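Undergrad: Sequence:
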Amino acid sequence: MTTTRRTPPGELLPRSFLAAPSMEVAPRLLGCVIEHETTQGTVAVRLTEVEAYHGELDPGSHAFRGRTPRNAVMYGDPGFVYVYFTYGMHYCMNLVCEPAGTASAILLRAGEVVEGIDLATDRRRGASLRELARGPARLTVALGIARDDNGRDACDPSSTLRVRAGAPIAPNVILAGPRVGVAAGADTPWRFWIDGDPTVSAYRRHVPKRRPGNPSTSRRGGTEGFSS
DNA sequence: CTTCCGATATACT
DNA sequence: GTATATCGGAAGG
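FYI, the numbering for the first sequence is 29 to 256, going by the working numbering.
It should be emphasised that the hints constitute simulated quantities derived from the structure, not laboratory data. Just so you know, not all the hints are guaranteed correct.
Unchecked claim - If you anchor each label on the Cβ, the simulated ranges turn out as follows:
id	residue 1	residue 2	range
1	211	49	39 to 49 Å
2	195	84	31 to 41 Å
3	223	67	30 to 40 Å
4	33	142	19 to 29 Å
Quick caveat: nothing in here was measured; it's all calculated off a predicted structure. A virtual CB, placed ideally from N, CA and C, is assigned to each residue, including glycine.
Turn these sequences into a full structure, and let the hints steer you where they fit.
TA: Here is the structure:
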């Protein structure tokens, strides 16, 4: 019989951990640690907020309209990193899930810097401890991740970009709710976060494009979610 | 807490 | 050619 043993905290996350549907993996990724080592030093972030994107079935996913040069990494093996550029100035980082051929991924939305605080603060131009990685683009800045990190393997022991297992999170403090910034499929509760953690980003619903003369200024949300 | 708006790769018509 | 984007910083209340 196969006993599924939890990976001890600090140990590299096995690729098999990510070879499952993103919405199942995502809550279990909370508390895990992303670590990036550069010549400047190492920064590590403990994840407190993530979002699952489920391939071609998910209207919110970058792979919803099929394979393109940008989303190609999502179709590859689990454990690889999908980095994309958005809003003309930001990078966001995902971990690819499921076996090659499917296009699931998990967006790393926020976390707590647990190593390399000085370096992260420097990269984030003096932001407070709480704000260092509070938001997906902030997280990539704190970690020193950019475009050329797209397609790197975070489950390779010799990699300078790694995912490590974290201490177990009590299921009752893991909440789920709608995703941020997603126009289509916004009602699907595939955002997961650690309840009450100060590094979880402020929820902002997708803002529909405001046409001149069509002042639909719908906004706001909340941090309320469903316990899982 | 809120609103405003930048600056551009990417995908689609 | 044009619309949109898995957003953040600054400034106002």
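Undergrad: Give a verdict on every hint.
TA: Hints versus structure:
1. 211 / 49: 39 to 49 Å: 22 Å, violated
2. 195 / 84: 31 to 41 Å: 35 Å, holds
3. 223 / 67: 30 to 40 Å: Since residue 223 and residue 67 have Cβ atoms about 37 Å apart, the given range 30 to 40 Å holds.
4. 33 / 142: 19 to 29 Å: Between residue 33 and residue 142, where Cβ atoms are some 24 Å apart, the hint holds.
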